[in-house]
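Here the protein sequences come in this chain order: Z and H. With the first letter of the first sequence counted as 1, position 158 gets the number 158 in the working numbering; the numbers rise by one all the way through. With the first letter of the second sequence counted as 1, position 82 gets the number 1082 in the working numbering; the numbers rise by one all the way through.
Hints listed in this document are in silico derivations from the structure and should not be mistaken for laboratory results. Any given hint could turn out to be false.
[Claimed, not checked] A few chain H positions that, by computed beta-carbon distances, are all more than 10 Å from chain Z:
(1) Gly1121
(2) Pro1202
(3) Glu1339
[To be verified] Here are some chain H residues pointing at chain Z (derived, C-beta under 10 Å):
(4) Asp1110
(5) Ser1112
(6) Arg1134
(7) Gly1223
(8) Arg1227
(9) Ala1234
(10) Glu1243
(11) Cys1430
(12) Tyr1434
[Stated by the list, open to error] These stretches of chain H come out as covered by chain Z in the derived footprint (C-beta under 8 Å, 3 or more residues):
(13) 1050-1061
(14) 1236-1242
(15) 1349-1361
Glycine residues also receive a C-beta, built at the ideal position from the N, C-alpha and C atoms.
Chain residues, written in single-letter form:
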Amino acid sequence: MMPFLARRAAALVAAVLLASFTVFLIPYVTPGDPVRKIIRSRVAGDVIDDSAVDALSLQLGLNDPLWTQYLRWLGRLSSGDMGLSYTSRTPVAEQVLPALWITLSLVVLALGAAAAISVILGVTAALQEGRPADKAITAVTQAFIALPEYWLAPLFVLVFALQLSLLPSAGWEGPHSAVLPVAVLALRPTSYFTSAVREGVLEALSAEHVAAARSRGLSHLQTVWKHVIPNGLLPLTTLVAVWFAGLLGGSVIVEVIFAIPGMGRLLFDGVLNSDIPLAQGAVVVVVGLAVLLTTAADLVHGLLNPQIRMSHA
Amino acid sequence: MRFSLPSSLSLGLVALLSLTGCGFSGSSAGSKQAADTDQRIVVDNFRAPVANWALESDAAYILSLSGCLETLTRYDESQGKIVPSLATEWKQASPLEWDFTIREGVKFQDGSALTAGAVAGSLQHVLGAAVPARAFNPKVVSGVKAIDDRTVRVTTPTESPLVPYRLASVNTGVLAPAAFKGETVDPFGHCTGPFEAVSEKPKQSLTLDRNEEYWGGEVQLAGAEIRFITDGAARAAQVQTGEADVSLSIPVSGLAALEADSNVKVLKADSPRTATLYMNNGKAPFDDVDFRKAVRSALDLDALASSVYEGAAVAASGPFAPSEPWAIEGAEAPKKDVEAAKKLLASAGYTADRPLEIVAIVERAEFADVATVIQDNLKAVGVPVKIQTKEYAAVEPDLLAGNYDMVLSQRNRLIDIADPIGFLTADYTCDGSYNLSHFCNEDYDATIAKAAKTADADERYRLYAEAGQILQDQAVNVWLVNEQAIDAVRADLQSHVQDPLSRYVVRAETAKSGS
């Protein structure tokens, strides 16, 4: 177990360094002057005085060599200081933490709903393999895989906010404003999870120990409950962790459409405005959490599946 | 240049709204019920505050539109002139000095008095910013000081009749001395306006309460919430659902659904923005005026306005909108004339030896379609064109260096002050800092130089029109369409006046009837 955790800790550090350095380079490898981008994020307009560019470069230390700037940021990070946003001039940590809380809420709710629904649908489909229920569940879930969030979100706004006046169309004002974005975020993972659960349950149903359980006199229901479902759900743990990590920074479209000030939006704004400290801060948190989550998922998976635990040992 | 969502995203919602003819019944629109002074309103704005509320940044727009921040003067759109605000009068004390008399009896929202010293301190703070405001920076203002309790003197490096205009810029809004005591500017409780900023949800909203002690009279609303919603389709949806009372800057694609809704009023006004086909006058074949005129004659501007802009823009008659006081008198939008274009091309000795390139800036999604229409129009007269779509930041160095043929862009003529002098100087004088067209004309420069020193507004505007005529005669660019500022408000909102620049939205007289 310890070597496994040590490897994962090293991976965490490497991933954070690599991701933060990549984000740091984005303003410099994409076209356009980063300083002018920063100014335009503060003041709309095309004409930018060269003296303003010089003054801001000096103020933010952007004339220093890139490696100096990066090491300066790294040094501050080691003491927990993510620096000041170039655009808002407020501490990055003060922006990242509330945004993280909002996105975590969204993602936990979305994946929780997706997992719960997919277990019911996946188990039902597997137990009804080849029958109309299985075909219907498979068809519907496959259809949702093909529907992108930027199409679903406006549709949901149209139906539930504009036509039915049941829910707010945008904003982050309370539990009711989370319903539509959570629903949009949950649909695609629900589809993938359902498919995985179905396959997992089908595989478990054909396992030898299940046949052995039936031969020991367990009823079909008892066999399914005790031996099939637990094994059938194993793939779900990894999938949930992967989706969790992905949605932390990947919910940007939903966050923009529903005007939710979460991590995706923060990261998006940071990159768009060449706000390097903001983008780096967001990336460090997202990547760090992603590595931690996948590690946790592997550990859980290992605990549930002795074969995996043995292979890590 | 501002980022907006990819058009596909915004269009998704809007198309759905249009297809369904979405709307819902409710209380009758435009009701004349008495205003309810307990009402609060929600305004959806398209940008969030930046730079920690620094007044030299665009955050000042939010403080101004929300009725918190006030300036010494203000530009009255209906009168077309500068009118008093926190200053009651002003005069040019000497060629380089302007004196502003501060209004008596005004208090900041923290109870401190508005004095000349407080005003000077606030303005000095903006003047000393590392990234200064366009309207008020050391290049145009050399100093600010209080010369007595009620008089503020503004000094300029060169004689300028436009100082009162500069002090109408939202970036010169006045805050109480206490607002500047910390490391960052604190506007909360430190404005003079009809509404006091009381709380902020970062990147989400700003909440304001009525200023009971407002110097300008009774404030009709109990308060307001300014929400920061960058997606235009979301803003359109919110005013339709009633979640917002005012939604600023509605995308063209959202108009059909809103105009069909009896609970919503759609407001349109000429904006100071003209979508323009910039031509590189310093590079062949655009260095020949006949070729440039040929391009202008080949384009069908009316079709462009009605198709790509869906009627939310009008064909441009020149560099100014027809409603602007400096518009060229009697100017009409050029009409498509293929034969005239072909003759002009022949006169210019044009040979189609290479395809010309149009750069369409991706930040303006409609420009890709505009470029396609232009490509088609020019092909019809024998000018082959290829289209490149690029980010503005990527193409800017080439534009300024003159390494391009044509580019589609649009500029706000009044982005610094309510006068086009900055635009006309930067964009078209020989030494202009943003002379993308690489145009240089002595007569034009002399006209602008004269206008810059002309105090009489009517005469100055006449000179601007004269300069505009030179630009049009020389076919420097093709001014394609005048864009419109489009806002949407709920029908029960009262005394709302649209400001095309979104500087003044929530005002003392803004009211709402009881539900």
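Notebook entry, point to check: What hints, given by number in increasing order, does this structure fail?
Noted result: Checked against the structure, the hints that fail are numbers 2, 4, 5, 7, 11 and 15, while the rest are satisfied.
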